[in-house]
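So the sequences go chain by chain: A and B. Each residue of the first sequence is one higher than the one before, counting from 1 in our numbering. Each residue of the second sequence is one higher than the one before, counting from 1 in our numbering.
No lab work stands behind these hints: they were computed from the structure. Watch out, some of these pointers could steer you wrong.
[As the list claims (entries may be wrong)] Simulated crosslink set (DSS-like; lysine-lysine; CA at most 30 Å straight-line): (1) K21/B with K274/A; (2) K209/A with K73/B; (3) K274/A with K9/B; (4) K21/B with K9/B; (5) K167/A with K73/B; (6) K73/B with K273/A; (7) K148/B with K301/A; (8) K216/A with K6/B.
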Amino acid sequence: MQLLQNAGQKQTQTKEQVRRIINEYMGRKLLLDKAHIEGIRYYDTYRKNGGYEAAGKVFKTMSPDLVVEEVKKSGLRGRGGAGFPTGMKWSFLAKPEGVPRYLVCNADESEPGTFKDRYLMEFLPHLLIEGLLIASYALGSHSTYIYIRGEYAWIPDILEEAIAEAKQNGWLGKNIQGTGFDLEIYVQRGAGAYICGEETALIESLEGKRGNPRIKPPFPAVKGLWQCPTVVNNVETLAAVVPIINIGGEEYAKIGIGKSTGTKLISACGNIKKPGVYEIDMTISVEEFIYSDEYCGGIPKGKRLKACIPGGSSVPILPANLLLKTAKGETRMMTYESLNDGGFATGSMMGSGGFVVLDEDQCVVRNTYTLARFYHHESCGQCSPCREGTGWMKRVLHNIEYGKGKMSDIDLLWDIQRKIEGNTICPLGDAAAWPVAAAIRHFRDEFEWHVKNPNAAQQRNFGIAHYADPLPVAAAAV
Amino acid sequence: MFSEEKLNKVKEIIARYPEGKQKSALIPLLHLAQEEFGGWLSPETMDYVGSLLQITPIEVYEVATFYSMFNLKPVGKYLFEVCQTGPCMLNGSDQIIDYIKQKLKIGVGETTPDGLFTLKTVECLGACGYAPMMQLGKHFREHLTPEKVDAIIAECRSKANAN
Ligand SMILES: Cc1cc2nc3c(=O)[nH]c(=O)nc-3n(C[C@H](O)[C@H](O)[C@H](O)COP(=O)(O)O)c2cc1C
Ligand code: SF4
Ligand code: FES
């Protein structure tokens, strides 16, 4: 009931319409629907199961501009973290005469908690290749690059095999399907740098340089790879283009609530019974996602839910009560809008879909410390607030975690994060600041406990379980 | 020096980019060189890669030092790269790291005296749902337990003995 009310408010639809949408599309899968089919990794099986039909339809019946229109209609938003409307991004691409344009697929996937793109590439490589083919046609890219994080060292082989198969079958190379359209897809490995997921750092890296983000403008849509107009899209975004063409943009836009259209991959991890990659249509509640057997299956060992980072390490952590219900008391849904309800004061973000659950035994200070260490390690070092601030936060958090902190350190941390946010070239600075801010905002007493009980904090190496006064956490509703 | 076969691979990689943009091949070539020349990049190796791409040595060094996968010092034959970031920590990566240290009698960043094993801690490798985990060569080893760590060490030892 709550669900329907929420949905109704957001979209000004009648309850009947919402009910219809929910009934019709509940549990609908568009990306992973064929993931279970044996051999789907290979061309023949993929083709037999409806693969390359979207590409065929595009080549037979659609102009590049029509494809862009269809993606606009779908309401698809970038799945890499920022949630920018994909169709709009495509329409911004500059098209100067005689200058090549490029599509780059962002497969750098390094945000802690996120492992969904890996799943798509490992199990459904042809879905990505087909998406790249359609997107390259729409944008006029004849050389498209997949930039994949270096640590996924076995995946380029899978992708290259799929590329070779697609080529043998006339879907890549010269004069594809007799249309006169040429396309080559290349796989480029990174070498261990989270910052190369940021689109301009990725472009620098692809040019054979250090992954230092560029100052924008100019935006990649005008001056990107080798100073040519470039679109950078996430793996999942590009894969989603295939079902959009298959079912039509309007149909796709009917799934979900409000501006959260279609389905989204969520990689769930931390303290849950069934970690893994799930495709959700954006109509379910956070509570259902955590406790339903169809998804995470609840918290192991009968523990209670303490907190959750719902969209990858960069987004604010929420305590259980604010996670399951918004500050207004509405059910929190797995949608861009609902996860963000309340702004950063009482909400969080969909981000990259890396869903990290903490049970009652976990130490928020330690978790925040590992994230601060991560951001310090990954800062490219160009801007002083980020380079110095991330290291400083790491050291202060280390002191608090290991029983050497002072009360004033908590305010100091707050002060440092505030000075980083908004003062850097790229959003990594913000991404480093937000988790620290949210941890202090919602779990200040836990930081204070560490300061007040240095011996206990020092003795326990692996987080503070059941410390003196357990925090009030919302009881797990089953 | 790369073999004939590898040099062909180098040509193929350079051909992926437009004319004059061969510098884009730098990271792929450094990967290739690291694999070929003992798991790390010596200054000589880096200079060699630079010469293949007709770029200055400093352009190679500044890239090689930026990316954490490039080893600028020799490492053991088997490099254990254990993830220690939040989601892995929640699932016991600290205990796994301690177990490996105790088992191999080395600290993080050290190599066993026989040159077989190096232990390194790394940040999130994209296997958070299958934690704790480590990278060993090309592949991930996931859902680690002390027993699995024992088995992996034994597997490496027997492979090394076979060679
Ligand atoms: C520090 C940082 C890391 C990022 N990492 C990734 C990443 O690993 N994968 C990704 O798709 N986008 C990542 N992004 C977002 C990209 O900059 C870019 O917005 C995205 O690739 C656009 O694709 P989309 O519109 O399809 O989401 C990152 C951004 C920042 C600031
Ligand atoms: S914010 Fe950090 S990562 Fe981004 S450009 Fe500045 S120093 Fe580099
Ligand atoms: S946190 Fe260890 S793999 Fe992501």
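**Report entry** Pair hint outcome, K21/B versus K274/A [Cα-Cα no greater than 30 Å]
**Finding:** Judged against 30 Å, a Cα distance of about 46 Å means the pair is violated.
Query - Satisfaction of hint between K9/B and K21/B, Cα-Cα up to 30 Å - result: Status holds; Cα separation ~17 Å.
Query raised in the report: Straight-line Cα separation of K216/A and K6/B no greater than 30 Å?
Result: violated (39 Å)
Requested in this report: Please work out if K209/A and K73/B have their alpha carbons no farther apart than 30 Å.
Outcome: holds (21 Å)
Query raised in the report: Holds or violated: K73/B with K273/A, Cα cutoff 30 Å?
Result: Roughly 41 Å separates the two Cα atoms, so the pair is violated.
Query raised in the report: Is the Cα-Cα distance between K167/A and K73/B 30 Å or less?
Result: This hinted pair is violated, its Cα atoms lying about 41 Å apart.
Query - Distance restraint between K274/A and K9/B, which requires alpha-carbon spacing of 30 Å or less - result: violated (42 Å)
Requested in this report: Starting from K148/B, check that the Cα of K301/A is at most 30 Å away, please.
Outcome: Status holds; Cα separation ~22 Å.
Comparing the model with each earlier hint shows violations of hints 1, 3, 5, 6, 8; every other hint is respected.
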